[in-house]
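Engineer: For the record, the sequence lines run as chains S and W. Residue numbers 1 to 115, in the working numbering, belong to the letters of the first sequence in order. Residue numbers 116 to 226, in the working numbering, belong to the letters of the second sequence in order.
Quick caveat, the hints were computed from the structure, so don't treat them as lab data. Ideal Cβ positions, reconstructed from N, Cα and C, are used throughout, including at glycine. Be aware that a few hints might be false.
Facing chain S, according to a computed beta carbon distance under 8 Å, are these residues of chain W, among others [to be verified]:
hint: 1; residue: 147
hint: 2; residue: 159
hint: 3; residue: 212
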Amino acid sequence: NAGVTQTPKFQVLKTGQSMTLQCAQDMNHNSMYWYRQDPGMGLRLIYYSASEGTTDKGEVPNGYNVSRLNKREFSLRLESAAPSQTSVYFCASSEAYRAGRWGYTFGSGTRLTVV
Amino acid sequence: DAKTTQPNSMESNEEEPVHLPCNHSTISGTDYIHWYRQLPSQGPEYVIHGLTSNVNNRMASLAIAEDRKSSTLILHRATLRDAAVYYCILSYNQAGTALIFGKGTTLSVSS
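Construct all of the structure, not just a fragment, from the sequences and the given hints.
Structural biologist: What follows is the structure in structure tokens.
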């Protein structure tokens, strides 16, 4: 099925380790987003890419970096994981970045635990 | 940015209609009203969005007040599968390029 694919689905890291969360979409969308969701909370925007070749910070960017590898792929990197980054991470895409005109398609998430 | 107010929780019975309210008194003329839902342990799922006119799709209907200061998501016949957190969203980041989620309404559906 067409959509947003995230890998891995689950990951446990030790404090200080690094890792990259992968996200790919096959809908030819221009814009992609990374959100995190902590227990009992709504989603918070980490970074987004309005179009291929651009990335921008969201609400909670500290401790993360992103790469828009091509139109399909948008990765999120944790350089030195901290327990505060334990969360569920969601990638999303939309046709374009103009706020509100297009709906978002979300991936199924990556559950990350930092010990 | 425009804020939304939703009830924390609502209950419904299976096969009955559900009306989920959202207040957004500070909405601007260009703000689209988005609704997403999130089933347990899943990613958010797009439900519907609109600007001024009422909108219908296979999942739900969106009724927008004439002054646009409130809206209602209508599920015509609730099923157990509709139990989820429903997010009404108008907020965007400062650049106006990404949606900002609130806490939503938890909908329970009983058989």
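Engineer: Indicate, hint by hint, whether the structure satisfies it.
Structural biologist: Structure-based check of all given hints:
The closest approach between the C-beta of residue 147/W and any C-beta of chain S is roughly 3 Å, which is under the 8 Å cut-off, so the hint is satisfied. Look at residue 159/W: its Cβ gets to within about 5 Å of chain S, closer than 8 Å, so that hint holds up. Contact between residue 212/W and chain S, as hinted, is supported at the beta carbon level, the nearest pair being about 4 Å apart and thus within 8 Å.
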